[in-house]
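A.B. asks: With chain A's structure known, arrange chain B on it following the hints.
Listed below, chain by chain, are the residues.
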Amino acid sequence: MNLKFEQQFIYPNLDAESYAEAIRKMSKNLLKAGFVSPEYPDQVIAREKDFPTGLVLANMNIGIPHTEAEFVSQTVVSVATLNKPVKVHSMIDPDETLQVSMMFMIAVSDPKGQVKILRELMRLFQNQDLMQKVMAENSANEIYQLLTANTVKETE
Amino acid sequence: MSKNINLLAVCGSGTVTSSMIAGEIQDELGDEGYSVRATEARPTEAKQLIDGGKFDLIVYTSPLPKAEYGVPVINGTGLLTGIGEDEFWDELKKTVAKIIDGNK
Numbered sequence: 001m002n003l004k005f006e007q008q009f010i011y012p013n014l015d016a017e018s019y020a021e022a023i024r025k026m027s028k029n030l031l032k033a034g035f036v037s038p039e040y041p042d043q044v045i046a047r048e049k050d051f052p053t054g055l056v057l058a059n060m061n062i063g064i065p066h067t068e069a070e071f072v073s074q075t076v077v078s079v080a081t082l083n084k085p086v087k088v089h090s091m092i093d094p095d096e097t098l099q100v101s102m103m104f105m106i107a108v109s110d111p112k113g114q115v116k117i118l119r120e121l122m123r124l125f126q127n128q129d130l131m132q133k134v135m136a137e138n139s140a141n142e143i144y145q146l147l148t149a150n151t152v153k154e155t156e
Numbered sequence: 157m158s159k160n161i162n163l164l165a166v167c168g169s170g171t172v173t174s175s176m177i178a179g180e181i182q183d184e185l186g187d188e189g190y191s192v193r194a195t196e197a198r199p200t201e202a203k204q205l206i207d208g209g210k211f212d213l214i215v216y217t218s219p220l221p222k223a224e225y226g227v228p229v230i231n232g233t234g235l236l237t238g239i240g241e242d243e244f245w246d247e248l249k250k251t252v253a254k255i256i257d258g259n260k
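Taken in order, these protein sequences are the chains called A and B.
Going by this note's numbering, the residue at position 120 of the first sequence is 120; the numbering climbs one at a time, nothing skipped.
Going by this note's numbering, the residue at position 20 of the second sequence is 176; the numbering climbs one at a time, nothing skipped.
Next up, chain A with everything else stripped away, as it sits in the complex (with noise of 0.2 Å):
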């Protein structure tokens, strides 16, 4: 199994006061495909107090929310970029808060099956070209493209 975006899961521009409104914000389409349980929002959110995850890259911070498998039916990876920056504490220090525009709230249904799926992934935020180029675009579509154009097809 590959990494794949989808349309619906991609918000470009997205209007958020917070990390929180915008996770239930992301969620809404999850929960409607039925492709993560009903507390999952909550879960996200929860999760933030003990191990927040904020992520500083070279050229830009990123929010990349997620929670237990358990609430997860199916492996998905959503996107967005956010009009105005949020508050996220930092994962590799709690203490630290970080402004994010960017967010990739991941969900994954079996993390030990979908190892490749994690570190395809992780690749993408170590591009940093591909990161600005992403919080540029306004259309889901174009980030759709410029995404999957450049995940690399790990072959098994």
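Do not rely on the hints blindly, as some may be mistaken.
Stated by the list, open to error - Quick partial rundown of chain B residues pointing at chain A, CB under 7 Å, derived from the structure: (1) Thr171; (2) Gly238; (3) Ile239.
Said to hold, decoys possible - Calculated pairs, DSS-like style, for lysine-lysine (alpha carbon to alpha carbon, straight line, at most 25 Å): (4) B/Lys210 / A/Lys112; (5) B/Lys249 / A/Lys49; (6) A/Lys49 / B/Lys254; (7) B/Lys249 / B/Lys159; (8) A/Lys112 / B/Lys203; (9) A/Lys133 / A/Lys116; (10) A/Lys116 / B/Lys249; (11) B/Lys159 / A/Lys112; (12) B/Lys222 / B/Lys260; (13) A/Lys28 / A/Lys49.
Everything labelled a hint here was simulated from the structure, so no lab data went into it.
Just so it is clear, CB atoms sit at the ideal spot from N, CA and C, and this is done for glycine as well.
C.D. replies: What follows is chain B alone, placed relative to chain A:
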């Protein structure tokens, strides 16, 4: 002479980021002849697992509770973000070489 390493990868949920880095470590060290067995865990589970005595080192992306783990503990966020990644690999490789030497 086998170069076996038992790695404990620690992150908040014991799943997503620890899986990301465990996979990378297995690959990279595998290329250098190491056989790495990786287990993922939450920070709260780390001490108990380490006390069980089966791990050679810990790599973490979420902070570990302060404790005497008795094994090398390395911050793996550089691998995740790409920042300080070279330093991470340097430290990791030096550490596993010492572990193997110590086990001879």
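A.B. asks: Look at each hint and say if it fits the structure.
C.D. replies: Against the structure, the hints come out as follows:
| no. | hint | in the structure |
| --- | --- | --- |
| 1 | Thr171 | 4 Å, holds |
| 2 | Gly238 | 4 Å, holds |
| 3 | Ile239 | 6 Å, holds |
| 4 | B/Lys210 / A/Lys112 | 20 Å, holds |
| 5 | B/Lys249 / A/Lys49 | 33 Å, violated |
| 6 | A/Lys49 / B/Lys254 | 37 Å, violated |
| 7 | B/Lys249 / B/Lys159 | 12 Å, holds |
| 8 | A/Lys112 / B/Lys203 | 22 Å, holds |
| 9 | A/Lys133 / A/Lys116 | 24 Å, holds |
| 10 | A/Lys116 / B/Lys249 | 23 Å, holds |
| 11 | B/Lys159 / A/Lys112 | 23 Å, holds |
| 12 | B/Lys222 / B/Lys260 | 30 Å, violated |
| 13 | A/Lys28 / A/Lys49 | 21 Å, holds |
Of the numbered hints stated above, those contradicted by the structure are hints 5, 6, 12, listed in ascending order.
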